Amino acid sequence: DAKTTQPPSMDCAEGRAANLPCNHSTISGNEYVYWYRQIHSQGPQYIIHGLKNNETNEMASLIITEDRKSSTLILPHATLRDTAVYYCIVRSTSNFGNEKLTFGTGTRLTIIP
Amino acid sequence: KAGVTQTPRYLIKTRGQQVTLSCSPISGHRSVSWYQQTPGQGLQFLFEYFSETQRNKGNFPGRFSGRQFSNSRSEMNVSTLELGDSALYLCASSPTVVGRVYNEQFFGPGTRLTVL
Chain L
1 DAKTTQPPSM
11 DCAEGRAANL
21 PCNHSTISGN
31 EYVYWYRQIH
41 SQGPQYIIHG
51 LKNNETNEMA
61 SLIITEDRKS
71 STLILPHATL
81 RDTAVYYCIV
91 RSTSNFGNEK
101 LTFGTGTRLT
111 IIP
Chain X
1001 KAGVTQTPRY
1011 LIKTRGQQVT
1021 LSCSPISGHR
1031 SVSWYQQTPG
1041 QGLQFLFEYF
1051 SETQRNKGNF
1061 PGRFSGRQFS
1071 NSRSEMNVST
1081 LELGDSALYL
1091 CASSPTVVGR
1101 VYNEQFFGPG
1111 TRLTVL
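Residue numbers (the working numbering), protein chains in the order written: chain L, 1 to 113; chain X, 1001 to 1116.
These are computed hints drawn from the structure, not numbers from a lab.
This structure is a prediction, so every number in the text was calculated from the model and none was measured.
Note that CB positions come from ideal geometry on N, CA and C, so glycine has one too.
It is possible that part of the hints are untrue.
Claimed, not checked - Derived, one-sided and incomplete: chain L residues facing chain X with beta-carbon distance under 8 Å:
1. C12
2. G43
3. Y46
4. H49
5. F103
What the hints assert, rightly or not - Computed spacing ranges between beta-carbons, pair by pair:
6. X:Q1018 x L:R16: 43 to 53 Å
7. L:S25 x X:T1014: 13 to 23 Å
8. L:R16 x X:T1080: 46 to 56 Å
9. L:D67 x X:R1063: 42 to 52 Å
10. X:T1020 x L:N30: 20 to 30 Å
11. L:N57 x X:G1042: 18 to 28 Å
12. L:P113 x X:R1030: 39 to 49 Å
13. L:D67 x X:E1052: 37 to 47 Å
14. X:K1057 x L:I63: 27 to 37 Å
Please model the complete structure; the sequences and the hints are all you need to start from.
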């Protein structure tokens, strides 16, 4: 699985959009970008994933650059409950028998009231 | 549906003892994975079980073992505990749908183990 690089920490004002970047310059053609987050003292929570097209769900949007070497997770209207560590993970298409996730150090996002 | 449950939530043991942690996956999920989280090493994959068989294993010593029962519930065991085994142990279940691009993992709240 390709390595990812994320800033260690970020702040965002409550109600504003939080944009979390992730670099994955060695990503290969069959690797997806996934985002999980971990709120303090809880298990990680899946947010979104994508291959090359931008994706949106009820939690967030994922913007992947055309060369796929970086991506941005967008929380459109951040709330205090979005304070968490956000993990960007790159892994190949799930083949039956490989559910392993390789977590990096993530970005600690703090939402400021 | 009920989420992934882990028991106990907190545990204190002393060096040299052994410990067994339990995980009940979401109903219908057949894959269960275990992770260790420490401040120094972050989240690290321990192993994954599917249909009572270990499919993947991380880079941990043999003191760490696990098993899965026919109802998909899983246990992990750590023998001869060391101080460095103090960590949050997380369990995740996945529906593992064949042919699906990605099978989301649902994590439990974890068991916090303290080794004294």
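Structure-based check of all given hints:
1. Because the beta carbon of C12 of chain L sits about 23 Å from the nearest beta carbon in chain X, more than 8 Å, this interface hint is broken.
2. Contact between G43 of chain L and chain X, as hinted, is supported at the beta carbon level, the nearest pair being about 3 Å apart and thus within 8 Å.
3. The criterion of a C-beta within 8 Å of any C-beta in chain X is met by Y46 of chain L, whose closest approach is roughly 5 Å, and the hint holds.
4. A distance limit of 8 Å between C-beta atoms decides the matter here; for H49 of chain L the minimum to chain X is near 6 Å, and the interface restraint holds.
5. With a least beta-carbon distance of about 4 Å to chain X, the hint placing F103 of chain L at the interface is held under the 8 Å criterion.
6. A C-beta distance of roughly 49 Å is found between Q1018 of chain X and R16 of chain L, which places it inside the suggested range of 43 to 53 Å.
7. Here the CB-CB span from S25 of chain L to T1014 of chain X is close to 46 Å, at odds with the stated 13 to 23 Å.
8. Checked against the hint of 46 to 56 Å, the C-beta distance between R16 of chain L and T1080 of chain X comes to roughly 50 Å, which is consistent with it.
9. The supplied range of 42 to 52 Å is met by D67 of chain L and R1063 of chain X, whose beta-carbon atoms lie about 44 Å from each other.
10. Roughly 38 Å separates the CB atoms of T1020 of chain X and N30 of chain L, a value that falls outside the hinted 20 to 30 Å.
11. The hinted window of 18 to 28 Å between N57 of chain L and G1042 of chain X holds, with their beta carbons roughly 26 Å apart.
12. Here the CB-CB span from P113 of chain L to R1030 of chain X is close to 43 Å, well matched to the stated 39 to 49 Å.
13. Checked against the hint of 37 to 47 Å, the C-beta distance between D67 of chain L and E1052 of chain X comes to roughly 43 Å, which is consistent with it.
14. As the Cβ distance of K1057 of chain X to I63 of chain L is approximately 35 Å, the hint placing it in 27 to 37 Å holds.
In summary, the numbered hints that this structure violates are 1, 7, 10.
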